[in-house]
Every structure is written in C-alpha cells, then in structure tokens.
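Participant: Starting from the structure of chain A, add chain G where the hints point.
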Amino acid sequence: MKLEKITRRRFLTGISFGLAAASAALVSVPVIGSILVPLFRRLPEVWRSVGHVDSFEVGKTVPVVFQNADPLPWAGVTANNAAWLRRVNETEFIAFAINCMHLGCPVTWLPDAELFMCPCHGGVYTKDGEVAAGPPPKALARHQVRVRNGEVEILTMSIPIA
Amino acid sequence: MFLRILKTTWAWIDSRLGISAVIVPMTTHRVPPDARWWYVFGSATLAAFLLQVVTGVLLAFSYVPSSGDAYAALQYLSHDAPFGRFLRGLHYFGASAMVLMVGVHALQVFLFGAYKFPRELNWITGVLLLGLTLGMGFTGQILRWDQTAVWSVVVGAEQAGRAPLAGEWIARLILGGGNIGGMTLSRFFALHVFVLPALIMGLVGAHLPLVLRNGISEPPKPGAPVDPTAYRQDYAALLEKTGRPFWPDAAWRDVVFAAGMVVVVVLCAFLLGPPELGNPPDPSIIHADPRPDWYLLWYFAVLALLPPATENVFIVFAPLAAGVALLVLPLLFPRGERHFSRRPWAVASVLTLLIMVGALWRAGGDSDWSPDFTAQPIPQKVVASTDPLVQHGAQLFFSKACIHCHAIEGNGGRRGPDLTDVSDRLTQEQITIRILNGATNMPAFGDILKPDEMKALTAFLESRRRYVTSGQQASGPTTPEGK
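Protein sequences appear in the order of chains A and G. Going by this note's numbering, the first sequence wraps up at 194, each residue one higher than the last. Going by this note's numbering, the second sequence wraps up at 1007, each residue one higher than the last.
The shape of chain A in the complex, shown without the other chains (with noise of 0.2 angstroms):
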C-alpha cells in the first residue's frame, strides 16, 4: 500500500461516490420495502354471508356474489367477487371459485348438461370441479361454505394462482 497514492482528488471521489451510494441506499428502503413487503403479508380471509339457506335450492348450481376480504374505500365494484354455489344436500354445500385454473377466466355454469365451461380456451368442469376437457391443469378451486344462524357463509380467498 503506497499512501502518497491518496490524494486530495483521490479523497474527494471517493467521497463523493460514497455519500451518493449511501443516501441511494437509504431511500431504497422505503422503496423496495413498499413493494416487497405486502407480498410477505398474509392475506386475509373472512366469511362473507351470501343468503338464507332456504333461498337455496338442494342439487342447483348458482352464482353468488361477495366482497373481497378486505375492499380498499375507493375499490367501488372491483370488490366484487363471486362463486359458484351448489346446495349438496340439507346441510352441505360446495362452492367453486369462478377463476378457471387455465388462465383465470370465469367459468360458466351450464345446468342442463352439468358442466362448467371457459369462455377464453373452451375449458370444461364436471359440476364437481373436475376437469372434464380441455387445457385447465387442475380442477376448480373450491372456497370453504359454513352455515351460521340460518345464513350460508363462504370464505373469501384469492384468485387461484394455477
């Protein structure tokens, strides 16, 4: 190490990068941390009520209609999110998520031949989610159903990433 070598020229560069690099790295904090953050958090889940249980009919599919988990005040009707209900018997229910597994267009319930169908690829669903045809790599996602005071609840959950 040959000290003569530090300079006055040589100093004041090296300053200078220094001083720049690190307010660099202090405002990176808050910026990468801003993104990166809300991907480590959980998401949340609460149960939405969708109706009475008498106003479902036992064997029909139906499409209900619930908020996200947690709608931001200006979100309007991007909140909006719906299922696909069927009443199994007295006290069970499924609910599918509308998203098909292929690449996240609602599906289409079709009541006479029992299938859920794709608009965007022409994926099919047997009415128990099943894949029945076509591109979708796995069958529907199902949110989970409970019935309180009367009232069927299904919890909210996030767009089924395939």
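Incorrect hints may have been included.
Here are some chain G residues the structure puts well away from chain A; computed CB gaps all over 10 angstroms [unchecked claim]: (1) Ile537; (2) His553; (3) Ser567; (4) Leu631; (5) Met707; (6) Val788; (7) Ile809; (8) Ala828; (9) Asn935.
Straight-line distance between alpha carbons at most 27 angstroms, and here's what the computed BS3-like set of lysine-lysine pairs gives [claimed, not checked]: (10) G:Lys745 to G:Lys765; (11) A:Lys92 to G:Lys974; (12) G:Lys905 to A:Lys92; (13) G:Lys905 to G:Lys979; (14) A:Lys92 to A:Lys37.
No wet-lab data here; the hints were simulated from the structure. The beta-carbon is built from N, C-alpha and C at its ideal position, and this holds for glycine as well.
Facilitator: Same frame as chain A, now just chain G:
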C-alpha cells in the same frame, strides 16, 4: 429597424443555446445518399410516440386512476367530454401506429443487417424499446378499465403465476394483492403513465445519439461483408465521397411519411372512433369474453393452441427466450454479409415469423377455441325431420351444450368438429363411443346423458348426412377430428 432587433435577439439566444454551434451541425450531418424510403420507420415510431405523449397527457386531464371510479370517468370521456371520443380514438390509433411502426422498423433493420458492427447497441436499445412499446400497449388496454381489462389483468397474473418459485409473488404484484381491487388500477396507471414512458424517453435518449454517433447504415450491397477493422474508415470515406446533409436531403422523406401516418391516425380516430367500453369492471359479472387488442391477439392464440403439457415451459420461457435471442443477436453476428440475398437464414426467419404471427392473428380473430355461448337452438328447417326421436335429439344437442362447441349447418360453436354431415364420417357406434367417453377437448357425457337421451341424440346425429339434411347446401366446412 424591427429586423435588426429580431436579429440581435436571435444572436443573443443562439449564443446561449448554441443552436448554430451544436444543433445545426447535428441536423446536417452527412448521411448515405441512397437510404430513401426504407429508412422512414424509426422516425415514424418517434412521431407516433410524441403523438401518444400529447394525447396521453390530455386524456390524463380527465382520467381518474381509481379502480372504483375510472369506468364512470371513461364513460364521461367517451360520451360527454368535448373532443373526448376523438382524443381516445387518437390515442388508440396512435398506439396502433406506434406498434406497427416499431415492428416494421425492427424488421427493416434486421433484413438490412444494420444491427451489425458498429451499431450493436443501436439494435439492443431498439429491442428494449420494442418490448417497452408492447408493454405500453398491454398496460394501456388495462387503463380502458372495463370488464375485459379486469380479466386481462387476471389472465396476465395467471401467466406470470406459471413462473417457477416466484410465480405467485409476481402474480400478487400484478394484481396488487390476492384479488382485483382498489390497488389494481393504480399500479397499471403508474406503470403506463410514469414508469414505462420514463424508460422509453431514457432509451430514446440513448438510441438517437447512437444513431448520430455510428451513422445511418448505408443500404447493403451483396458481396460487401462488414469487417469491424475497416468498417469505420470505409463508412467515413463513403460519406466524404457521396454523403448528403441529413436535413433536408434525407429528412424530408421522414417528415412526409410521418405526416401521412398522422393523417391516417386522425382519420381513423375521427371515422372509426375508439374501441367501445365493455361491461363495468365488476369481477362478479360472470359472463365475460376477454380478448386483447389486435397487437396481442396473436399471443392470445398461442395461449389457446399450446399443447397443455408444454404450457408451463412455454408461457414463461418462450417470451424470455425470444427477448434474449433478440438482445444477443448483434453480439453473435457482428460481422459478415448484410444484404438479404446473402443471408438466407435471416430471410427464412423473417418469413417464418410473418407467416406464424399472421396465421396466429387469423386464428386469434376467429378464436374457434372459444365455446359459443350465444348459440340458439337448431332451427326446424335444419333439423328437417318429423321423427320425434330426432326432434328430441336436436333439443338435447342444444340443452346438453353440444352446440357450444359443435356446429350444424352454421348453428353453433367451432371448437369441436363440425357435425353437419357427421354420419357420413362416423358409424353410430363411433358416435356413441365418442359421446360417452369424450376426448382431449371434449367432456365424457356417459354420466350426464340418460340412456333414452343418448338414443335421441345419436338418432339426431345419425340423421346428419350430406344428402338427407335440409334442401340447402348441407356440407359445411369440416375441421379435423380431435383438434
């Protein structure tokens, strides 16, 4: 007197801004004389971008980047605001022009071998600009915040979700959480209005000086390969001998072409108008039929036609591989022949690309793979039978959803084979087996149809033959089995 004041004022400004000293020499730098009309697409892309900046800023005056309110603002903009519809049209067709021009520019530069030494970085910054332009197209379509936009975000997130390890995080980053909601539109607004335009401006700020520094490539001649050791001297000598000032000898063509493009954009915006807004951005409206604007329609077709087994690899790595291939192209082939007559592989790859994208475009426009949910019951004229069994079968063909994918004399979807004359091709057993067991893209109906329904349906299909159906032309176009 007045003229003298003007002159001294100009001299004062000029001495400070350095227009005569710096800008004028730049605009009059010498360029190869025979570039002509092939070289107008880059400047046209820039002109389209400037048009997008101006119309985009004006749209932002009325736009409300809030997931809950944007739709109402867009309705106002489209139907009530003075010039609103015209502005939206300009921005839409301006975007189309920019995508088109940047694509043609890239193809021209590739075919002319202009990406070779010393213009490798011109090409690389150009590839990044091409990617950013497509990114602007996608994010811009999202800002047209209707039902299609919402489902496009979902489809985009699902595609990103296929990436290994980080897939779900990227998907959540795109959605702004686990679902569509208040966060979603704001981030696409920030991307479309701040992040991507800033990147584009930065890269244009690199791309243009690179063009000045390395010069406009001279039109290629067969048998004159690029040799990095001699190229710069040869190029300087060429300019010395035959070069012309860029302004106005070459630039007038850029101006004429760009002006023509602007006129076309204005006419389209005025006569055709912007794409109509769809249903509100409410994810609980189940009947949706999302598809992208034309510049991504071919990719929509790719996603539909991929064999499911290759999907995960393809969706994630194909765009990545294509981007990397374009970026490293000039590093791999910096020297050699530039003229297309000596570069058969270059011509072949351009033709392949054009044919592939063209075919996918057509396929995307037809989108045969989408079931037709609007299909109506088969008309009596087509059923053309008084047999109650056949009649019942025709009803079942509709109610059991066969019709969403199969057409009979033009009634029905095109996802599956046309069944207008199915019994010319298949025996009754074959028909029955196919219905009971299904196929890759057809569900098995064994558990869905009762025996008497099965009998009626096969009786109906049995009656579908070329010469026995209704009086009119019976044989529709047939598609291959098990598509």
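Participant: Enumerate the violated hints, using their earlier numbering and listing them in ascending order.
Facilitator: 5, 7, 8, 12 and 14
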